[in-house]
Each structure stands twice: as structure tokens, then as C-alpha cells.
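Asks: Got two chains here, separate frames each, mind docking them using the hints?
Chains Z and C supply the protein sequences, listed in that same order.
Using this note's numbering, count along the first sequence one by one with no gaps and you end on 360.
Using this note's numbering, count along the second sequence one by one with no gaps and you end on 291.
Do not take every clue at face value.
[Said to hold, decoys possible] Pair by pair, the computed Cβ-Cβ distance ranges are: (1) Z/VAL157 to C/MET97: 24 to 32 Å; (2) Z/ILE177 to C/ILE49: 49 to 57 Å; (3) Z/PRO151 to C/VAL40: 28 to 36 Å; (4) Z/ILE343 to C/THR5: 47 to 55 Å; (5) Z/ALA66 to C/ALA199: 54 to 62 Å; (6) Z/GLY98 to C/LYS127: 42 to 50 Å.
Hints were generated in silico from the structure; no laboratory data involved.
In this text, all values refer to a predicted model and were calculated from it rather than measured experimentally.
Glycine residues also receive a C-beta, built at the ideal position from the N, C-alpha and C atoms.
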Amino acid sequence: MFKYILVIDIKSKIVRCVFKMRAIWKYVGKRVLYVIPTLIGLSILIFILSRVLPGDPALMAAGPNAPKWVVEQIRHQLRLDKPLWQQYYYWLVDLFHGDLGYSIYTKRSVTVDVVEYLPASLQLIFLAALFEIGGALALGIISGRYAYKLPDNMVRVLAYIGISVPSFVWGLLFQLIFAAIIPLFPSHGMYSYGTIPPPRVTGFSLIDSLIAGQFDTFVDILWHMVLPAFALSLGAMAQDARIIRAGMVDTMQKDHVSLVRAYGIPERTIFSKYILKPSLVPAVTVMGMDIASLLGNAFMVEMIFQWPGFSRYGINVMLNKDINGIVAVVLVVGIIFAIANIIVDVVVAYLDPRIGRRSA
Amino acid sequence: MSRATILSEWWKTLEIKKKWYNFRRSPLSLIGLIISLSTVILAIFAPWIAPYPEHAGFYTDFEHANLPPSWQHLFGTDEFGRDVLSRTIFGFRYSLMMAAVVLTLVVPAGVILGLIAGYYRERWIGKLIMRISDIFIAVPPLVLALSVCSLLTPSAFNAMMAVSLMWWPWYTRLLYNITSSIKEEYFVYAAKVTGASSAHIMFKEIFPNAMGAVLTKITLDVGWVILLGASLSFVGLGAQPPTPDLGTMVSDGAKFLPDYWWISMFPALAISYIILGFNLLGDGIKDAFEG
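So that you can see chain C by itself, here it is in the shape it has in the complex (with noise of 0.2 Å):
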């Protein structure tokens, strides 16, 4: 069986049409559908979209430095008399970047690691692997990751790898659970009878009951995902300056807190919108698949 129809039939088993039904009557599910979309498109077109494109790196023309909002400059100008909404627009880039390359590396790893782990809870391969993201769990995500990103030299590109490698976990945990109570089937039994292999029992039979549960969590992540990588550069290990990450332009607006506010305060309502817009989706889409 080719790939493309195995992913039309896990297409197939979402029931798209219904859950958009379900979606659509949440007035909040719709906010957040709207804010996540915004964001989105924000970031692909920051280039067009920002007022001033050239201060998204590095940039300096001091004698604009730390003017209050206006016209010119909405969101005003930084120390270096860069446009903080040309900034912010293009911080939107990293945020979901960070989201999207975080969960591109860890769904997949995760969910294979779960059906494994589930399939072979007996045996010692299962075990072992349960006991390993036993340990990953044993701390807060975010010191881990922290200290991690300590160790590797602080960039944008190691506090990606860093919540990559603290995130796998959640996923195994969730596909170990599902595929622990579904290996008891009958139908799992009908395929193993009929002769198929493990791959075909953990991909075919188990992980499309397996699919909506997975996709919910996805979106309920993109904000938590994001919320720790901008905990990461706000720390200053993350992302380093001149990069336009919201985290960083938090932390080093915040040095010139109460005169200049608008240097850390604006990036940090964007932080909170695009968050606040993914947890709002996350949610409409989990009421959904199970509504």
C-alpha cells in the first residue's frame, strides 16, 4: 500500500467535516482560530507586512532611540531607535519557527517511541523505554531545557534541540496509554490472526484510533512550546540578540522598565496574544473531538 493512501484513510478516520461543525458553533474556538491565523500570516509575510523590514537585525540610527509610540513608530522605538512593530512582526517568525521545528522532530519520535513502548509493555524494550521518559518527567520542563541550553552555547538553533529533547516524553506517554488499553481489541487480535506484521498492527490498525487524540495535543502544544521558548531567550539562553525573538526583546526592554515602556511591554502582550490565540484553537479543536 503506497503512502499517499495511507494517509488518505488516517485523513479519512479524522471525520473532518463533523469536527468543523463542532468547531464552528464555539464563539472562542473561532477567536482563537482568527489570532492563530493572524499570527501566521503575520510571520510568513513579515517582510511586506512590517513598516520598517531593515530593523529586524542589526540596525542602528540613534537619534530616533526610545521614542514613545506614535504614527510613525505604533509600537515606538527601541535603544538603538529600531521600530518595535517591525520587531514584533518578525518575532512572530521565531515564536512559531520555534513551535513548528519543536513538534516536527518530537511528534513523530514520540509517537513512534509510545507504540513501541505500548505494544511491547511487557517485554523488557518497553519497559525501558517508559523508565527513560520516567526521567525526562521527573523535572519541570523548562529547567531542564534550561540547563541544557546552559551547556550547548546559547543560540536559537540549541534551545530548539533543547525542548525538542524534553518534550518526546509527553507524546510516548500519550501513545503508550492508547495503544496499553487498544492492543486488547479484537480487531488487533483479527490482524495478528489474519498474520500481520507489528509495523502493520502499530501503524494500520492501533495509531489511527490513536490520530485525534495526537492532533489535539499537537495544537494544545504550539502554545506551551512557545511559551518555553520565549522563557528560554528571556532568560538569555536562547535566542541572542540582534535576533527579533519576542523573549529577547522582553528581557532587554525590561532594563529600561518603568521610563521606557513600550520597548518591553509591547513584545510581551504579542508573547501573550499568540499564545492565548493557540490555546483558544488547541482547545476548540480537543471540544471538538470529543463533542
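Same shape as in the complex, but just chain Z (with noise of 0.2 Å):
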């Protein structure tokens, strides 16, 4: 008797996973479906912006004494000389067929440089990610286990400190500390003075040196990502550990906690799977959404640590006025924004129970 049951049991475990997989799927094609207007919204928007906007960028390509006829060239080759929708959509044509368009600022096709500069701004960002989720959970954990007590008050006063200092002056001072005061780290760049960069295969290069078989520049890398990384995932860290602690601060407090603890359910797997899952989803959203603004953060921490990634390669864009290469990097940290927000749903759609038994 008790086998048979166990068996519906789990068939109707599996049942209900497979509702659940279709429902986050088709969950998933309407989100891709609403975002691809948005995206290209956006392209309208920033490709209107870098157009119609004062300043001429020909001419900022061109420098001030170059004569006329140079800057007209360049003028045609930007297409400026066309009316605003042709410019549009001779550049849409050209991003299907993968090209960018020419960059007056590194002098060939923003996708070249895309395709060169954003693995090394992934792999930060995603060391960055991972302190930010270690460290929010860490603390959030502390705090909310400890809630109104004195581990939760420092949590709470450090988290405020986090969130409130921006994440270049993190930079500047982990750069002062713990490079300059006490060199415990490198100061800026990706490779120490005369470290050989592994050859280019996959463009992370942590993932190219393991590839050459250089352990040695594999460790030189990862020891140069470390105060970036920090530095970026500090103000996002404070932000998610606080939400934890609010999650479990209420889910502490629910009827449901005190069902399973009347039951004597021993107070360790209370803590773990009753109150600790359930506080875990709406941090789920916003640390998504966290670990893709770090994308913006980047800009400024990777111009403080010259890290050869896109951001800086934004950044240096943006100050030369570059209008291709100005659309291409709002376009990319679109995309990634988006991508981001559908993991996001699909993962919260997983932790979520209620989402596909409905249809079950």
C-alpha cells in the first residue's frame, strides 16, 4: 500500500515537472516575444539620439584643421549625408548582416571591437556576480538569523555603508589599500609586466590560458580580477543581503513556520527549508536585475583598473563622440539586459510552486 502511493507520488512529481518545464517555456517565448520591440525601440531611440543631437561627429572624427573635402568623406562613409530614416535602415540591413558599422574612434567595424572587448568585461562581471551572490547570502543569512540582534545591527550598518558608496570610490580605495598601501594585489590591467597573453580561441582569456596550458596566467588573471570584481559587486552585495534578511525577517513570522515547529520538525530544517527557500525568491529578481546593472557599475571600475574590457572601450567611445560605436554599446548592454531578466523570470519561475501547477 504505502509503495503504491509512493509510486503516484513521484509520477505525479514528474507529471507536474513536466507541466511546469511547459509553462516556463511558453513563459519564456512571450518574454522574448515583448522584449525584441522593446529592443529595437531602443535601437530607434539611440540611433535617433546620436543623430539629431548638436555637435557634428565627421568633424570631431575628422580633428579641426582637416579640409573639407576630408570631412565630407567621412561624412559619406557615416552615411551623415543621408536623410535620417535611410541612415536607419541601411544601419539595421548592415546589423543583420553582423556589422556595426565603422568606428571613427578605433578606426574599423564596432562589431571587431565588440567581439574583442566583451569577454573580458563578461568574465569580471561574472567573478563580480559570483562575491555578490557568496556575500549576499553570507550576510543575509547572518542577519536574518540573527535578526534584531547585535551580528544583524552591524549587517544592517555595513549593508547601509554598501549600498551608499558608489562603486568607483570602492576602487579608488581598495586601489589605495590593498595595492598601493599594502600591495597585496596589482593596481590595474588584466596581465603583470611581462606575462604573455595566452592565444586568443575563445576571448575570456581565463578560459584561453587554461586552454594553452599557462596555470601560471590563469592565476596572474584571476589575482588581477580580484579588487575590480569586489569593487563592483560591493553596492549590489549590501542590496541583496538586506532584501534576504526582509525575506526571512517575514517569512519568520508566518503561520506556516509555526505549523512545522508545533510539529516538532527539528529548528535546523525549519530554518533551511521553510524559512530560508521561501525568503529566496524575491532576491532571486532583484539580484538578477543587480547583477546586470553591474554592467553599468563596470564603466566606471574598469576605467579606475584600465581593464581592457567593453565598458572601458564605452567609456572611451562616449568621450571621442563616436556615434556608431555609442549605439552599438547601449544596443549590447540591452541585449545583455534583457537576457539577464528572462534567466531571472526562469529561475524565479522554478523556485516559484505556484507557477505551473495551475495548469497541473
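Replies: Following this line, the structure appears as C-alpha cells:
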């Protein structure tokens, strides 16, 4: 009899899982369909802004002393002599051929720049995200576990400081303290002086160095990433620790916790299964958004640590008023942001027991 | 009904006395209030409080350049011999002005758009407004603000415009959510039945219910806007030197970092101080309204 029930239980679990996956995929499809017009809108917005706002990019590119025909040539090359809708149309056609236009800053196709610089940024953000998730979980759980006691108060004050200090201030502080005063970490760049960069395969220098078998280089790159990644992660870490704490404090007062406690379930199980898990759902949403917004803060941090990444490229492009570069940077950030949001939605849907059950 | 009575009615719905009682109980909120008030006072009375007010703009005194912190110059002097403390106090002015200008531009625009979008949720106008606000939210505000600033000529004024352009969708979304949930309430129907105009329903029936949320968001946003402004000028796309803007001062001083740390570190701490103050204040007000 008991065995029979168990079989039914497993069966229903599998069925539920299938339904859940189906519901999630349907949801993802809907989200992707919703995101595409938004991204097209974003491209139109930034494209129009880059062409309409005052200032002559062709003149900027040619320099103040260039003869008139050079300026005209660059203007023609950038298609600035055509009407706006034609410019956008040709830009869109090029985009579908994988060409984001000519960069007046690097003097080559923007696509080449994106491919070259993006992996370095992504790998920095990946490490920062690891720091963020780990730190937020640790601090949030400590704070929630000892709510309204000394550890909680300390974490809360730390979290306020973490949120309020901008990432570039953390970057400068770390550079000053851990690179200049106590030379624990390198102060800038990706490789130590004299290190030979690994041959480019994936573009992610960490993976490339492993493929090439240069383990020393791998450690060296990782060593260079610690300070920027940590500076980048602190703000988001503090924010998420607060949200995890708030969720836990909220869940602790719920009736179901009193119920399982009355059943005599061990306190440890109550904590991990009935308090922690439900309070992580709202945190995941914010965490995903925060990881995606690391991409924005990376602009300053990469500048401080001279990290050869996409965000630093973005700054250089902006300071040089390279219109194709600016459009590409905004669009790439928008795409990454959209992907991150969809991933977050999937994770939340997976964690949330309500999704999929209704249809099952 | 005159404007004054509308304002006083809005004011009454806030129940300030009760909120103040809630607010006062938390020491962190009071610290936030003190910090924010201190920055506001420093900013307003900067020319009288700063020890060397003439150092705020163009000023060179190479004899006293790069002096470490001392009793004459509490925060030291920068590469042109200007007193860092005086410039930091003047820097509060630019940070607070940024927040004030951005929020006065953004809040009314975002609130009105959000009310319209929520009230006409099923019509094309509501959908259009929300889709446009989605576009602005599709990228971290910093990235879009940076690119708009770079396309304009970098200056403090253009930085304010760029941040304002990025910020309204958050208020639109807030008001959209509140409006679309409230518009099904009976008092809204009652107003409709008595023949009230749409504008009356939006501003006199629905908006007072959103006041607390908007006010909370404004105080929480002050810190974020200051952070965004400081980031813009740190990158070099905001206020230009010799403006005593905190972000610009940090990035200028960063060039001299390990040796002359005081040039960039004190403005950096000042940015953190002002943001910390407004974050604490905002959270205190939020708790007071919810509790």
C-alpha cells in the first residue's frame, strides 16, 4: 500500500515537472516576443539621439584642422549626408549582416571591437556576480538568523555603507589600500608586466589561458580581477543582503513556520527549508537585476583599474563621440540586460511552486 | 476649487504628525535626517562656511599645491593649491542641485504620464506610454545617461537633462501600478457616476492615494540621482573643471593617487556621506509611511 502511494507520488511529481517546464518555456517565449520590440525601440531611440543631438561627429573625427573634403568624405562614410530614416534603414540592414558600422575611434568595424572587448568584461562581471551572490547569501542569512541582535545590527549598518558608497569610490579605496599601501594585489590591468597573453581562442582570457595550459597566467589574471570584481560587487551585495534579511524576517512570522515548529520538526530543517527557501524568491529577482546593472557600474570600475573590457571601450567611444560605437554599446548592454532578465524570470518561475501547478 | 485648497487637502492625507512619530523611533532614520540636513545647510551657506570660498572656481596658488591635510587645510590642497575642504563644501551644492533639478523635472512628468497610462490602461495611449517607458528601462540608467551626455556637450546642465530623460519611467511605472489597481475601487466609480471629469478623478480621487508612495520614492531617489550625477562627472561626461563637482574632483585627484591621496579621497568620502544620509532618510520615511 505504502509502496503504491510512493509510486503515485513520484508519477505526479514527474507530471508536475513536465507541466512546469512547459509553462516555463511558454513564459520564456512570451518574454522574448515582448523584449524584441523593446530592443528595436531602444535602437531607434539611441540611433535618433546619436544623429539628431547637436555636434558634428564627422568634424570631431576629422579633427579641427582637416580640409573640407576630408570631413565630407567621413560624413559620406558614416552616411550622415542621407536622410535620417535611410540612415536607420541601412544601419539595420548592416546589423543583420553582423556589421555595427565603422568606428571613428578605433578606425575599424564596431563589431570587431565588441567581439574583442566584451569577453573581458563578461568575465569580470561573472566573478563580481559570484562575489555578490556569495556575500549577499552569507550576510543576509547571518542577519536574518540573528534578527535584531548584534550580528544583524552590524550587517545592517555595513549594508547601508555598502549601498551608499559608489563603486568607483570602492575601486579607488581598494586601489589605495590593497595595492598601494599594502601591495597584496596588482593595481591595474589584466596581466602582470612580462606575462605573455594566451593565444586568443574564446576571447575569455581565463579560459584561453587554461586551453593553452598556462596555469600561471590563469592565476595571474584571476589575481588582477579580485579588486575590480570586489569593488563592483559590493553595492549589489549589500542591497541583496538586505532583501534576503527582510524576506527571512518576514517569513519567520508566517503561520506555516509556527505549524512546522509545532510538529516538532528540527529547528535546522525549519530554517533551511521553511524559512530560507521562500525568502530567496524575491531576492533572486533583485539579484538578477543587480547583476545586470553591474554592467553599468563596470564603466567606472574598468576605467579605474584600466581593465581592457567593453565598458572601458564604451567610455573611450563616448569621450570621442563615436556615434556608431555609442549606439553599439547601448544596444549590446540592452541585449545583455534583456537576457539577464529572462534568465531571472526562469529561475523565479522554477523556484516558485505556484507556477505550473495551476495548469497541472 | 483653488490650488491652495487642493494642496492643503493633499497635505492632510499625509498625516504628518503620525508619520513623524513613527520616523522618530528609529535612530538610523534620525542619523539620516541629521546627515542630510547638514549637507543641505553646508550647501546653502557654502560661501560663508568654507574657509577659502575663492578656491571654488579658477584659482591657482602653486606655492601651496599638494599640501597634506593640516590645520590650515583640513583636507589638504590640490594640484593648483586650492583648499580641498572648501571645494568639497561647494561640491555639495552641485550634488544637491543635481538632485533638485532632476526630481523637479522628472516627478511631475512621470506622475502625470503614469496617471494617464494607468487610467487609460486599455486604450492605445496607456499602452503606448508604457511601451515607451519600457524602452527607457531596457538599459541601466547609467549607460543611457552616459551616452546621452556624450552626444551632448558635457556640462553640469546637460548631465541633469540626461539623467532626467532616464528617470521619468520609474515614476510612470509606480503611478501606473497604483492607478490601475485603484481605478476599480468604488469611490472612483462613485465619482464617475456623479459626472466628475477624468482629470478630476485622476488628480483628486486617485492621486492622493499615491502621495505616500511618491514621496517615499522621491526621498529614496535623491541618493540615486546624486550617485548617477557623481558617476557622470567622474567619467568626465558631467560637470567640467574647474567646477567644484565632487565626481570631477575625485577623478581629477585619482591621477595623483597613492602619493596625494587626500585630493580624491575626501571628495569621494563626501559623496558617500551625502548618499548615505539620503538613503537613511529615505528608508526612514518609507518605514514611517508603511509602519
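Asks: Now tell me if each hint is right for this structure.
Replies: Each hint tested on the structure:
A beta carbon spacing of about 29 Å between Z/VAL157 and C/MET97 agrees with the range 24 to 32 Å that was offered as a hint. Hint check: Z/ILE177 to C/ILE49, Cβ distance near 30 Å, so the stated range 49 to 57 Å is violated. Checked against the hint of 28 to 36 Å, the C-beta distance between Z/PRO151 and C/VAL40 comes to roughly 34 Å, which is consistent with it. Checking the proposed 47 to 55 Å range against Z/ILE343 and C/THR5 shows it holds: the Cβ atoms sit about 51 Å from each other.
Between Z/ALA66 and C/ALA199 the beta carbon distance is about 55 Å. The supplied range of 54 to 62 Å therefore holds. In this structure the hint that Z/GLY98 and C/LYS127 lie 42 to 50 Å apart at CB is violated, the actual value being about 33 Å.
In summary, the numbered hints that this structure violates are 2, 6.
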